[in-house]
Structures are given as C-alpha cells and as structure tokens.
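J.: Below, each chain spelled out in residue letters.
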Amino acid sequence: MPKQPIADFTIERLSILAPSGQADESLMPDLSDSQLLQLYELLSYTRMADQRALDLQREGRLGTYPASLGQEAAQVGSGFALRSQDWIFPAFRELGVFLCHNYPLELIYRYWSGDERGQQSPEGCNIFPMSIAVGTHILHAAGAALAAKYRGDDLVAAAFLGDGGTSKGDFHEALNMAGVYKLPLVVICQNNQWAISVSRQAQTAAQTLAQKALSYGIHGLQVDGNDVLAVYQATHEAIERARAGEGASFIECETYRMADHTTADDAQRYRDPQEVEKWRQRDPLLRMRRFLDQQRLWSPGDQEQLELTLKERLNRAVRAAESAAPPGAEEMFRYTCHQLSSRQQEQLKECLDGST
Amino acid sequence: MAVLNLVQAINQGLRQALETDERVLLLGEDIGKDGGVFRVTDGLHAEFGERRIIDTPLAESGIIGLAIGMAAYGLRPVAEIQFLGFCYAAIEQIFTHAARIRARSRGRFDCPLVIRTPYGGGVKAPELHEESTEALFCHMPGIKVVVPSSPSNAKGLLLAAIDDPDPVIYLEPTRLYRLLKEEVAEQPYHTPLGKARIARKGNQLTIIAWGSMLEVVLRAAGEYDAEIIDLLTLSPFDREAVLESVHKTGRVLIVHEAAKTGGFGAELAATIAEEAIMSLRAPIRRVTGYDVVLPLPLLENYNLPSPARIIAAIDDLLRY
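Going line by line, the protein sequences match chains A and B. Quick note, the working numbering runs 1359 ahead of the 1-based positions in the first sequence. Quick note, the working numbering runs 5 ahead of the 1-based positions in the second sequence.
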C-alpha cells in the first residue's frame, strides 16, 4: 500500500487594510462610521497613553514599563471586538485592550509605579490582572470559558500572549484543553517578532504560529496585526464561532515591537535598525488615518481636536495617579488570604509598630 | 452512623458537596468512569455526569490552571492530582497564580480551589508516588495546607476546604486510605481549618504529628503519658494549641516522614523555641525521614519513621 495523505491543512492570512489606507471592500467588517472613528480614537489614545508612560518613566515617575508602540492595532482591534461581558486575561502588553474596556488609565499608571491597587479591575470590567509569568494564564481563560459554558453564560474568555508565550508548556496544555472541551475561548497572540532578544525565527521552527492551533483541533488564523480592521474582524468571527458552540480560536496577529522590550531593555544590542525602519512603514495608526481620510471621515482639524482631548485625558490620569494616597502596610496583609492568621495579625502589628 | 474508611469518607464528602452546591465540579485524570486510581471518586461520574466530573487530558499544570480560571469565575473546583509527586508539574500554577490571585487583583478575584492529592510512603509504589513534600506548600503565603488523619476528620476537613475562599492543598495519606475505619457522621459537617486536634491527652511530653504519621505515633506512644497533637492544618497551623501543650509538658517530639532539613518540623521547632523556650525541660526532638532522595520500596523502611525510632526519642526526652 502506498502512503496516502490522511490530513490536509492550510493556514489563511487575513488582511483588509493596505498600508496605503486602501481597504478591500469585500472584506470590510460591519462597522458604522462612528465605530470606525472610535477605533481610530482608541488607537490614538493607546499610542499617546503609552508615550506618556515612557515619558513618566524617564522622569523617574513610573517604574519599569513595557511599551506598546507599533502594536496598537493588534490590541485595539481585538479589544474592540470583545464585549463588556467577555472575560479578558491579558499578558502585560495590552494597554489598548484595557483602554477599549474603559479600564481607568490612572490605575494602569499606578500599577507600573508599583501600586498593586492598580490591578483591581473596577466592578463590571472583567479584566483579570496582568500575567507576568509568560504563557501561563491561557489556562485561566480556558477555565473561565469552561465555567461560563457550564453555567450557560453567553460570553467568551479571551487570552492574550506574545510569540514567546507559544513556546511555553502551558500554552500547549491550554490549547489542548480548549480543543478537547470545545471551549468558548479566543486566544490572541501578538506576534511582535521579538521575545526580548529572541527573534520569532529562533522561537520556533514552525512556519507560522497560527498553524499550532491545528494540532489541537481548534481554529487558527494569521492576520495582519497592524491592520485594525482585520484584527477586529478575525476576533469578531472567533467570538461568533465560540458563541455558536464551535469552540476555540487562535489568532496570530503579525505585528512588530517598535520599542524596547521594557524600559530596562536596549533593543539596539540585538536587532537591525533597518528591520525597525521597515516596520515603521507599516504603522497601524497611519494606515487607519489614511483610510479615514480617503473615506472623508477625518480632517486635520479633527486630528488636532482629538489630540487636545486626549492630552487632557492623559493629564487627568497622571494627576489622579500621582495624587493617590500611598498604600499602608496593612494592604499587603489584607489580601493574602481572606482572613489574617494569628501570626499575620502579630506581624501586622509588628510592622505598624516598627519594632519586633 | 456508618463505619467508613478514608476513601469512602472522602467520597461521601465529595458527593455531599456536589449535591448541595452547584458550583462544585471535580476535575482530574481518570476520575470519571474509572473513579480515580484509588477509587476516591468512585460512582460520582455515574451520579453527576461528565459536566461535573471532568476527566482531563494528562496535564497536571493544565488541570490546576483550568481550575484556577474556574474558581476565579465563581465555581468551586476540586482538582485531583494523581500523586503529590505529580504536583511538581503544577507548582508554577499553584505558586505563581493560585496563591496570588486575591492579592494580585486586590480582592476583585479569588481562588476557592481545592487540590486533592495522595501523599506519603509505605505503599510500595514507584518513584514519585510516595512524596511527602508538604513543607514546600507551607512556605508559600496565600495557600492553605490540610492533612487529614482519619476518615471522620477527612470528611469534615474536605467540606471545610471546599467552602473556604482560598486555595487549599488537601493531602490524603495514601497508606491510610484503607487502613483505618471509623464511624463517620452521615450529615455534612465542617472540621475547621487552622485548628489542631488533641488526639490523646497527656502530661509528660507533647508529640506533634499529622497525616499518616499520626497512626504510627499513636502506636508508638503506647503507655507513655504523652499528649499527641494532630495538626490537621499545617498552614496556617494552630500555634495556640501547640504552645499550650508545650507549656504544660515542657518536652516536645515532632514526627514527620518528610526529610528533616527544611521540613515542617523546623517551623514548629522554631516557633516553640521563639515563644515557649522557658517552658522547655529538654531540647526539642525531631524524628523524620532522612535528607535523602526518597527511596523505592526495598529501602523505604529505613527512611520512614518507625515506632522504634519514635520510642527511642521519647525515652531520650523523658530521661533528659
């Protein structure tokens, strides 16, 4: 008997908006003009809030910070598609997703200044705390998806990770479980080409990250991660599939980390500036603005107005973050367990008294 | 009241939790139709179905990670890891996430998760099937560590652990699974976490033990006038019960099967030295497993604390 092919797979890539701003009309998502404008505003908000964080860090007013520059479309496109009832499990470079869901920017600045109260999601905002441990939190999203399915709740769980996270064992375990239990889960990978100094090519020999989904029996797709419309549409379709009981999806958003890994990193040590320049031409904001210009939805006056509005919003967030009363020592005891043990009570007293 | 062994008592506790609380789900390897490798979940799949008794792929980190997400969402998952030695694959999920979710989210989310796992030696099992590394988990703030020692406290501690809002590691002494039988009250009840039990009252010395070693200690203590404390919860442990007994007897023996260095006995000894040294009439003694890689069956009796070693230590203490 000759060898027979028994399985055949292809990986698709979705791209709607060209760098010129030209959109493929046949693929356009079902979004109103005001939603298209909202997307651009969120992209701009993310970029400006991110830049302000870097400025604050340089002035010693913020701690180590992982910038989102260049990845705004991957974050805003997916964050915008997720609904308020959905549960979101971020990694640590999803500023745009937080802003799409009205997470107070003030809290984000506080968190990166070392104030843990910044990770207390406001009630009604189902964003889980950021996961510093790479790739381990996809499982939590899978668990929440399982729980939602068990309860019959109409929502999806969404997890975010980077290209580096796909090398972790828990990524494998989570996608495998998502396939086995047909979970309403959307996993969004911001493939920004670099995990600190390790390039995408050095991370895996796989041709795409999206194809990893296929080995778990779940839907996999690559999108142009700098195309906010493509990311939105891919996420929207994944949510609809999940709601229809068709299981989990893995979306590889191909984008680029224009900034250093964090403010503690120096990417010039390990990557070619020409590569960075090449990606600068594919800027996600510029692309969307060109599109809006072409649709006659945007004018230089609108741009000026938006920048003024956002600047004021950022100023308010910074003022609020910097005027928050610092946490007291009691804070670190209060949330370890639901009650203090007798030893913790003594330790708290010792800590407050400043004596042993 | 029925006479049950440890397996039956835990099974009854699980059944009652499933009956009374829709949020309770079980997940783990082979816990469904197979009823678990020790049959602790026997019959539950038939009774409650695959929606609530969830067989998982062979992935310990995945089981705990999944359970964390379920718990944060508002369910009360009870995860079974087949052996404590296999929990090592899930340590990152336990330490990095389960222990920290309440703190990390400043109380917005919590993690009411129970991890059941058989632990301990004396069952002639392969490598990694007889670990007793409970102290690892006691060192991590944010999780509780519970070790039952008999069918009746196993059921009560399990139900208390399931109702507790924090993650609980629930260590089932494998050697005792079918060794001990006793009357277990039919109705659901809680044995409170963080409270020790005085297994036997006495005046001349205090012996502190937990889980599988309690049975050995009770045998060894025989006619000695020893007060035997069964800790039941290691983290947070019942400091008051320990100190009260030490103040009374002035002599302390700690027995555990885990290796001596960094074992939970070290924490107990340090606490007693810090807070009750003036009551001591003899140095604190520990009878423990040795600081060796856990041996396979042909060597394990050299390592496990025996009644003879315990008796020798008691005699030493009383002579001091």
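These are calculated hints, taken from the structure and not from any lab test. Heads up, some of the hints might be wrong.
Claimed, not checked - The list that follows gives simulated cross-link-like pairs (lysine-lysine, BS3-like), each with its CA atoms no further than 30 Å apart:
1) K206/B - K129/B
2) K129/B - K253/B
3) K1708/A - K200/B
4) K38/B - K1541/A
5) K1508/A - K38/B
To be verified - According to the in silico footprint, chain B covers these stretches of chain A (three or more CB under 8 Å from chain B):
6) 1490–1497
7) 1525–1536
As the list claims (entries may be wrong) - Per label pair, the in silico range of CB-to-CB distance:
8) Q1654/A - D35/B: 52 to 60 Å
9) Q192/B - L1699/A: 24 to 32 Å
10) G1576/A - A130/B: 29 to 37 Å
11) L63/B - E1482/A: 35 to 43 Å
Even glycine gets a Cβ: it sits at the ideal position worked out from N, Cα and C.
J.: Hint by hint, note whether the structure agrees.
T.: Hints versus structure:
Between K206/B and K129/B the alpha-carbon distance is near 33 Å, which puts this suggested pair outside the 30 Å criterion. Using a Cα cut-off of 30 Å, the hinted pair K129/B and K253/B is violated, with the two alpha carbons roughly 39 Å apart. Straight-line distance between C-alpha atoms of K1708/A and K200/B comes to about 23 Å, which keeps the hinted pair within the 30 Å bound. In summary, the hint linking K38/B to K1541/A is supported, as the alpha carbons are separated by about 20 Å, within the 30 Å threshold.
For the proposed pair K1508/A and K38/B, the alpha carbon gap of about 22 Å is at most 30 Å, so the pair holds. Given a C-beta distance limit of less than 8 Å, the hint that chain B covers the region 1490–1497 of chain A holds, as 5 residues qualify and 3 suffice. Coverage of a stretch by a chain is defined here by at least three residues with a beta carbon nearer than 8 Å to that chain's beta carbons; for the region 1525–1536 of chain A and chain B the count is 6, and the condition holds. Range check, Q1654/A to D35/B: Cβ separation about 58 Å, and the 52 to 60 Å hint holds.
Taking the beta carbon of each, Q192/B and L1699/A are about 31 Å apart, inside 24 to 32 Å as hinted. Look at G1576/A against A130/B: about 35 Å separates their beta carbons, and that is inside 29 to 37 Å. Our hint of 35 to 43 Å for L63/B and E1482/A holds, since their Cβ atoms are close to 38 Å apart.
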